Amino acid sequence: MKRLFGIFAVLLVFTAFTGINPGIDGTWIAQMDSPNGQVEITYNFNVEGDTLTGNVVGGMGEVEILNGEVEGNKFSFDTKFNGTTISHQCELKEDDKIAMEFTFEG
Numbered sequence: 001m002k003r004l005f006g007i008f009a010v011l012l013v014f015t016a017f018t019g020i021n022p023g024i025d026g027t028w029i030a031q032m033d034s035p036n037g038q039v040e041i042t043y044n045f046n047v048e049g050d051t052l053t054g055n056v057v058g059g060m061g062e063v064e065i066l067n068g069e070v071e072g073n074k075f076s077f078d079t080k081f082n083g084t085t086i087s088h089q090c091e092l093k094e095d096d097k098i099a100m101e102f103t104f105e106g
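When you line the sequence shown up against the UniProt record's numbering, it's residues 1 to 106, in that order.
Keep in mind that a hint or two might mislead.
Calculated cross-link-like contacts (lysine to any residue; reagent style SDA-like; alpha-carbon spacing at most 25 Å) [stated by the list, open to error]:
hint	residue 1	residue 2
1	K97	D33
2	K80	D95
3	K74	F104
4	K93	Q31
5	K97	I41
6	K74	T42
7	K74	E105
8	K97	N36
9	K74	T27
10	K97	V57
11	K97	D78
12	K74	N36
13	K74	T53
14	K97	G83
15	K97	T42
16	K80	G37
17	K93	A30
18	K97	I65
19	K74	G37
20	K74	D33
21	K93	D33
22	K93	E48
23	K74	D96
24	K97	S34
25	K97	N82
26	K74	Q89
27	K80	V47
28	K93	V57
29	K80	T42
30	K93	E64
31	K93	T27
32	K74	G54
33	K97	S76
34	K80	I29
35	K74	K93
36	K93	G58
37	K93	I65
38	K93	G54
39	K93	V47
No lab work stands behind these hints: they were computed from the structure.
Please read all numbers here as calculations on a predicted model, not as lab measurements.
Work out the full structure: start from the sequences and follow the hints.
Set out below in structure tokens:
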């Protein structure tokens, strides 16, 4: 697919609501700076084996997690918004933070 916006690498600060060492599964809150100010995004991750499901909630509404895969502390998933697919490549770090890279296509 054609890449519209390029690739954005972002380290988001996440807070988990599932305990001291939650793993990937659970609710995570991310805050990131955008051209319009700070944005808060809620990620609801459900892990079953090597499959990731759930949703992402932000200022523009709620979208379903698609094509979610988990391999150890690395995971990936897609979301679709207004005809654009946003691919996410993620890694759960030792300090219980998630590094996330976005690719916008479509």
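Taking the hints in turn, this is what the structure says about them:
1. K97 <-> D33: Holds, at roughly 17 Å.
2. K80 <-> D95: violated, 29 Å
3. K74 <-> F104: holds, 19 Å
4. K93 <-> Q31: holds, 17 Å
5. K97 <-> I41: Within the cut-off at roughly 14 Å; holds.
6. K74 <-> T42: Holds: K74 and T42 sit about 19 Å apart, inside 25 Å.
7. K74 <-> E105: holds, 21 Å
8. K97 <-> N36: The given pair, whose Cα atoms are some 24 Å apart, holds under the 25 Å limit.
9. K74 <-> T27: Distance of about 17 Å is within 25 Å: holds.
10. K97 <-> V57: At roughly 18 Å apart (the allowed maximum being 25 Å), V57 and K97 satisfy the hint.
11. K97 <-> D78: holds, 20 Å
12. K74 <-> N36: Violated, at about 30 Å.
13. K74 <-> T53: With Cα atoms ~14 Å apart, K74 and T53 stay inside 25 Å; holds.
14. K97 <-> G83: Violated. K97 to G83 sits at ~29 Å, over the 25 Å cutoff.
15. K97 <-> T42: This hinted pair holds, its Cα atoms lying about 14 Å apart.
16. K80 <-> G37: holds, 23 Å
17. K93 <-> A30: holds, 14 Å
18. K97 <-> I65: holds, 19 Å
19. K74 <-> G37: Violated, at roughly 29 Å.
20. K74 <-> D33: holds, 24 Å
21. K93 <-> D33: Between K93 and D33 the Cα gap is close to 21 Å, so the pair holds against 25 Å.
22. K93 <-> E48: holds, 20 Å
23. K74 <-> D96: OK: K74 and D96 at ~13 Å, within 25 Å.
24. K97 <-> S34: Roughly 19 Å between the alpha carbons, so the hint for K97 and S34 holds.
25. K97 <-> N82: Outside the cut-off at roughly 28 Å; violated.
26. K74 <-> Q89: holds, 8 Å
27. K80 <-> V47: Given that 25 Å is the threshold and the Cα spacing comes to 20 Å, the pair holds.
28. K93 <-> V57: holds, 22 Å
29. K80 <-> T42: Holds, at roughly 16 Å.
30. K93 <-> E64: Distance of about 24 Å is within 25 Å: holds.
31. K93 <-> T27: Holds: K93 and T27 sit about 16 Å apart, inside 25 Å.
32. K74 <-> G54: Since the Cα atoms of K74 and G54 sit roughly 16 Å apart, the hinted pair holds (cutoff 25 Å).
33. K97 <-> S76: holds, 15 Å
34. K80 <-> I29: holds, 19 Å
35. K74 <-> K93: Given pair K74, K93 holds - Cα atoms ~9 Å apart, limit 25 Å.
36. K93 <-> G58: Holds - the C-alpha atoms of G58 and K93 are around 23 Å apart, at most 25 Å.
37. K93 <-> I65: holds, 21 Å
38. K93 <-> G54: Cα-Cα ~20 Å, so holds.
39. K93 <-> V47: holds, 17 Å
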